[in-house]
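Student: With the hints as your guide, set chain B onto chain A.
Here the protein sequences come in this chain order: A and B.
According to the working numbering, the first sequence is numbered sequentially starting from 1.
According to the working numbering, the second sequence is numbered sequentially starting from 1.
Keep in mind that the hints are not guaranteed to be accurate.
Said to hold, decoys possible - Pairs of lysine to aspartate or glutamate residues, derived as EDC-like cross-links and limited to a Cα-Cα distance of at most 16 Å, are as follows:
1. B:LYS6 x B:ASP48
2. B:LYS6 x A:GLU136
3. A:LYS6 x B:GLU136
4. B:LYS74 x B:ASP120
5. A:LYS74 x A:GLU136
6. A:LYS6 x A:ASP36
The hints are simulated quantities; they were obtained by calculation from the structure and are not laboratory data.
Protein chains: 2
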Amino acid sequence: MDMAAKRIVHFTGGRDGEWDVTSIHAVAGATLLHCDRLAVTDTLSESDAIWSLAGAISNLRYTTSAERAGLQAKQSGLGRTEARRAALIPISKSAAWWAMAQDERLAIYARSQHTAIGMDYLPAVARRLHHSRDLEEPFDFLTWFEFAAEDEPQFDHMLVRLRASEEWTYVEREVDIRLTRTH
Amino acid sequence: MDMAAKRIVHFTGGRDGEWDVTSIHAVAGATLLHCDRLAVTDTLSESDAIWSLAGAISNLRYTTSAERAGLQAKQSGLGRTEARRAALIPISKSAAWWAMAQDERLAIYARSQHTAIGMDYLPAVARRLHHSRDLEEPFDFLTWFEFAAEDEPQFDHMLVRLRASEEWTYVEREVDIRLTRTH
Chain A
1 MDMAAKRIVH
11 FTGGRDGEWD
21 VTSIHAVAGA
31 TLLHCDRLAV
41 TDTLSESDAI
51 WSLAGAISNL
61 RYTTSAERAG
71 LQAKQSGLGR
81 TEARRAALIP
91 ISKSAAWWAM
101 AQDERLAIYA
111 RSQHTAIGMD
121 YLPAVARRLH
131 HSRDLEEPFD
141 FLTWFEFAAE
151 DEPQFDHMLV
161 RLRASEEWTY
171 VEREVDIRLT
181 RTH
Chain B
1 MDMAAKRIVH
11 FTGGRDGEWD
21 VTSIHAVAGA
31 TLLHCDRLAV
41 TDTLSESDAI
51 WSLAGAISNL
61 RYTTSAERAG
71 LQAKQSGLGR
81 TEARRAALIP
91 ISKSAAWWAM
101 AQDERLAIYA
111 RSQHTAIGMD
121 YLPAVARRLH
131 HSRDLEEPFD
141 FLTWFEFAAE
151 DEPQFDHMLV
161 RLRASEEWTY
171 VEREVDIRLT
181 RTH
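Isolated chain A, as found in the complex (with noise of 0.2 Å):
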């Protein structure tokens, strides 16, 4: 429709993609089935998938410009050559988190410390995020990671943190799904 910008990504379990997937684990809630690949594509593609997320790259909501100043000065992109592996953490919080107001939900992610929490691991984990909530997705979030091979225990360390903070109380469903690049 006009010149609406292109901001959702599609995550297609199936049998294609660039990514072969090594394992999917239930962190909470429901699990997704396993399925031999992952696709991660600009345009939505059913064909023989086993399941398909979708999420929208968007505006920051909680980062300040202080932070984001310094995570810019920190962090890598995607696509790094010697980042082959990958994890694809879909996220759904609970009613109790999402009636809030801006600055109840603010308060908790700074108590947490998700954002210091995630500069820890720079440059060695990318990120980038996706919101999939006002999607009518089955997931609020899918955070995509970007990681070296050796760094991966380095990325699990950081989870552990974050999943012990106030916010992760909130969290309904989490799955954990690891990825390696197939080229």
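Tutor: Frame of chain A; chain B shown alone:
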């Protein structure tokens, strides 16, 4: 997909729907084509549509818990029998707006007194905001207002104040669609 909530509302201009279109005019940027009727539905119906816009009812993005309490104490809901007039105002903001971090956008929103201006017209003007940008729609927001015919001058006054605010310097496209309930 799964148990995802219905949150997307479709506003379809054509020959059907419970609202007569009394006027459509562009405040900034390109207008929308004239049509006779507007239908507001939770599923998309393409039949005879001249245009169709979609937006998601979502969580609060700037409103604080104190502001929300103030709004909830004064506001009225949609569908009042006396509210036989409505307005649909699709808006798009500039790339500069969306590139700002959360604290930067919030500061402009607060300085512009967006919430305080709206409060002055409660409970006469009922309002519901729909988020469209992440849906790859041509507008970023669709705001729906309902009011009694005798309150339309008040509603117009509210728009004059909002359009004079700092926040509105970031509005690149705005269309003002006025409606009358047909039954």
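Student: Work down the list of hints and note, for each, if the structure agrees.
Tutor: So, going through the hints one by one against the coordinates:
no.: 1; hint: B:LYS6 x B:ASP48; verdict: 24 Å, violated
no.: 2; hint: B:LYS6 x A:GLU136; verdict: 6 Å, holds
no.: 3; hint: A:LYS6 x B:GLU136; verdict: 6 Å, holds
no.: 4; hint: B:LYS74 x B:ASP120; verdict: 10 Å, holds
no.: 5; hint: A:LYS74 x A:GLU136; verdict: 34 Å, violated
no.: 6; hint: A:LYS6 x A:ASP36; verdict: 27 Å, violated
Comparing the model with each numbered hint stated earlier shows that hints 1, 5 and 6 do not hold.
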